[in-house]
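> Which chain is which? The protein sequence lines are S and R, in order.
This note's numbering puts the first residue of the first sequence at 22, with every later residue one more than the last.
This note's numbering puts the first residue of the second sequence at 8, with every later residue one more than the last.
Treat the hints loosely; a few may be bogus.
[As the list claims (entries may be wrong)] Which bits of chain R does chain S cover? Going by a derived footprint, with three or more residues having C-beta under 8 Å, they are:
#1 396 to 410
#2 420 to 426
[Unchecked claim] Sample of chain R residues facing chain S (criterion: CB under 7 Å; computed from the structure):
#3 414
#4 474
#5 477
#6 479
#7 481
#8 485
Calculated from the structure, these hints are not laboratory results.
Beta carbons are placed, not taken as given, at the ideal position from N, Cα and C, and that holds for glycine.
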Amino acid sequence: MDHPADLRLLGALLAPLLGAGLVMATGRRPNLREACSLAAALTLFALTASLVPDVLAGRALRCPVFELLPGLRVALRADAMSLLFAVAASFLWGLTVFYSAGYMRGLREHAQTRFNVCFALALFGAVGCAFADNLLTLYLFYEVVSVSTYPLVAHHQDAEGYEGGRKYLTYLTATAKGLVLPAMILIYVLTGSLDFADNLRSGILPADLSQGLVVGLYVACLLGFAKNGVMPLHHWLPGAMVAPTPVSALLHAVAVVKVGVFSTARVMLYVFGVDRMAAANLGLPTAYFVSFTILAASVIALSQDNLKLRLAYSTVSQLSYILLGVALLTPAAIQGGLLHIANHAFAKITLFFCAGAIYVATHKKNISEMSGLGRAMPFTFGAFALASLSMIGAPPVGGFVSKWYLLHGALDAGTGLILGVLLASTLLNAAYFAPVVYQAFFGRAGAAGAPRAHASEPLAESHPVMLAMVVPLCVTAVISVLLGFYPDLFLNLTRRLFP
Amino acid sequence: MSPPGLPASFPWLSVLIFSPLAAAVVVAVLRRERAVRWWTLAATLAVAAAAVPVLVGFDPGTPAFQFVEDRPWIPPLGLRYTLGVDGLSLVLVLLTVGILPLCVLASWRYITTRVREFMIGLLVMETAMVGVFCALDFVLFFLFWEAMLIPMALLIGVWGGPRKVYAALKFFIYTMAGSVFLLAAIIALYRQAGTWDLRALMGRELPLAFQVWVFLAFFLSFAIKVPMVPFHTWLPAAHVEAPTAGSVILASVLLKMGTYGFLRLSLPITPDATRLLAPHLCWLSVAAIVYGGLTALAQSDLKKLVAYSSVGHMGFATLGIFTLTRAGIEGAVLQMINHGITTGALFICVGLLYERLHTRELAAAAGVGRQVPVFAGFFGVFALSSMAFPGTNSFIGEFLALAGAFQFSLPVALAAVPGVVLAAAYMLRMLQRVAYGGPQNPDHTGVGDLNLREVLTLAPLLGLVFWIGLQPGPLVRLFAASVGHLLEQTAAGAPPLAAAP
């Protein structure tokens with residue numbers, strides 16, 4: 022494993038960290054502060070994107086950082102899987118900077134500097150997870166994400182915010198400390214190393230491990246990375262919806278939750294390995310287990326009137342798609358699952374952006390009050406409609422591609438039940454997204470909720486504050502459509518997973 | 008192994024031990040409080056500087072004692088003045104001389120009455136503590152051991168809080184009771200083996216039954232010092248009442264005396280008894296970890312919270328020791344150092360808060376972080392370090408201690424895991440409340456942030472948190488050979504991991 026260290030990796034990791042420092046230093050001057058965030062985001066994206074050609078050419082990039090003790094290292098790697106996540110997250114960070122400037126200023130939120138610092142730190146953690154070369158590094162940055170996002174969740178510093186924040190930290194740190202940490206230490210004791218395998222087949226566990234121990238470690242990892250939103254440890258995510266919407270959008274639809282699924286998938290594929298997963302018969306039970314989350318979360322989403330909560334439960338459900346794909350262990354399914362990391366990111370961030378824009382314009386949170394709003398905010402609801410299509414998985418939007426591969430993979434794995442789950446969840450997705458769009462465009466304005474007279478006139482989409490939000494959400498909506506027409510970038514990356 | 012320019016026989020350790028005492032004599036004749044403070048600071052810094060040649064000249068490749076001084080002391084009784092350090096004692100000596108200047112700084116404004124006597128107390132403590140870590144003659148060891156007792160009890164009893172006399176007495180009686188057993192064990196060993204020399208006692212084949220008795224006597228003495236549950240009840244009282252510097256010395260150094268005693272005396276002198284009883288002590292350590300965590304979670308007084316967290320943290324150290332594995336003992340030593348750094352820093356932080364708010368109630372301190380962002384930053388880092396956040400110093404120590412536990416026995420390791428979760432729970436609860444929580448409190452208006460002296464007090468500890476957290480290699484190399492030798496003396500190869508239960 023002698024590769025020359027690639028410093029672009031280190032640069033990509035440090036960009037958000039330096040960005041956080043600069044944001045803190047320039048806190049008094051909001052425009053300069055936002056420019057620092059943007060500069061960090063662009064640097065991160067440029068460095069990440071520059072890695073893509075190398076990885077597509079089949080090179081493995083590595084960069085050691087610290088050697089703690091023999092076998093315990095902080096080290097970075099860039100492979101197809103890390104780039105799938107890092108490219109999407111870093112690109113969306115740049116857009117979110119604009120969006121959150123509009124949102125936070127539009128609502129005159131307090132402590133905007135702290136907000137932006139924590140935001141950058143969360144991205145630092147997410148990038149670290151994406152580029153982690155071993156379990157220790159992954160765990161380190163996973164915890165960085167947990168702690169740095171707490172002030173964002175509890176941003177409003179009221180009773181509701183503290184309650185959400187408390188639940189958030191309790192779920193995430195208790196599972197990480199109580200399950201992942203012991204599993205990691207045990208793996209270290211058993212193997213003397215925590216480095217991820219070079220390919221997704223072999224894993225790193227010794228061959229003569231007893232079945233009981235393998236299952237125990239596996240369950241600890243599956244449930245321990247609770248950011249993946251798998252039921253029954255998903256409650257933190259709806260609770261985190263008290264956060265300002267940019268947080269829900271970038272962190273609780275992209276960065277944080279994807280760190281959860283990414284970590285889980287990384288461990289499934291590069292610590293256990295496909296062969297060991299198959300030999301220990303872990304794949305299908307996992308698939309059935311997460312299928313429950315897919316369906317149950319969709320049903321709960323149906324019953325939510327608060328738009329952000331409906332989106333949150335939709336996220337819980339969609340995250341399990343990714344794990345479902347990986348758990349099926351067939352190449353097509355794994356591709357589909359990992360592809361969904363990017364596809365879901367672009368679509369779901371659009372939906373949250375829309376929810377935030379609607380809130381800034383009208384101060385409405387509930388779907389029942391949004392009747393007829395589509396005529397006043399055509400771009401916002403147009404983008405919402407496109408992104409919904411991607412969620413539902415209708416052709417030719419991005420979500421269709423990943424769902425196609427998932428279905429394909431489910432057929433390869435020969436399980437009709439999973440096929441049924443995917444189809445049923447498609448129907449459920451349609452059932453909870455379509456009415457929102459339909460009501461907005463075709464419903465009678467003020468049909469329910471009877472808004473006050475002076476509040477009935479929403480902020481125009483051309484208002485400068487709104488523009489900072491509407492433009493990014495249109496961009497992400499268009500991209501999620503384009504991902505359906507041109508899925509090649511991410512598809513080629515996923516193909517690189519199989520040597 | 009002495010640095011060039013000085014004769015190889017230069018008594019570095021004696022200098023380290025007795026220069027604080029000499030400085031204390033000077034303090035006694037100084038008139039002005041200002042002069043007393045500056046002189047004590049200069050003296051402790053000079054002692055810390057005198058440790059540098061020892062560190063530079065130390066050869067980490069060998070487990071043998073170095074910088075040995077050996078002179079007749081009381082010939083008729085066969086007592087000798089024998090000093091020496093190996094890797095284990097060296098790191099603790101460094102911790103002690105490093106933490107003392109910070110104690111002086113932390114007392115700068117906190118101590119206003121009888122400043123001279125207070126500073127003398129600190130310096131006498133330093134002599135005694137360094138002496139314990141360096142002594143290789145059993146009677147000399149015991150002498151220094153007892154010499155710690157009275158100055159510490161005075162530090163609590165004179166400069167402490169409202170219930171200082173109760174706390175000082177409780178501390179005195181507990182520790183005294185432990186010392187009696189230590190003395191009994193020392194005398195019994197002399198009658199059996201005919202020597203006071205620790206090096207000669209190590210590796211002496213003693214009958215098992217005798218070993219068990221000696222081990223139990225050692226155990227009582229050291230378990231009180233650590234403190235292990237159920238001998239811990241003196242600790243919260245002492246910590247809560249002690250002044251900041253007293254709490255720091257207590258947490259950073261005195262608690263290490265117990266674990267150091269286990270490593271220096273119990274393991275090599277009574278190896279068979281250690282192996283026999285280690286499983287029980289592992290479970291007792293697990294009890295301390297979980298009990299300390301649960302109790303800390305229930306505290307509303309910041310100092311009590313940190314005190315109970317010490318019980319849990321030291322539980323990891325004893326757990327690591329009694330797994331009798333390389334990872335476990337290395338983790339335990341790291342945990343001792345890290346606990347000294349992190350908990351010392353937390354006590355300093357609580358003291359700073361107390362100077363500002365005149366209360367240690369968590370509820371009264373809620374939300375103060377908004378007024379004092381620099382303080383909140385330091386406090387946040389130390390709290391995260393205390394919950395073993397990856398990348399900070401405590402993580403690596405706990406990691407290794409738990410790795411040792413997993414090698415030792417799966418059930419023991421799994422039983423300790425809730426303690427890790429609890430540590431996160433009580434530390435995050437405290438941090439969230441202090442740095443973030445609560446409505447705007449009118450009492451907090453006008454509370455000033457840290458001044459330069461206070462930043463300088465905490466900054467070295469902050470540096471160590473990250474340095475050890477990210478580069479523990481050089482530190483571990485200092486004591487790795489000694490740990491290896493200790494394992495040979497205990498003659499217990501790492502038992503294979505019990506596969507699935």
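> Next step is simple, just say for each hint if it's right about the structure.
Hints versus structure:
| no. | hint | result |
| --- | --- | --- |
| 1 | 396 to 410 | holds (count 8) |
| 2 | 420 to 426 | holds (count 4) |
| 3 | 414 | holds (6 Å) |
| 4 | 474 | violated (11 Å) |
| 5 | 477 | holds (5 Å) |
| 6 | 479 | holds (6 Å) |
| 7 | 481 | violated (11 Å) |
| 8 | 485 | violated (13 Å) |
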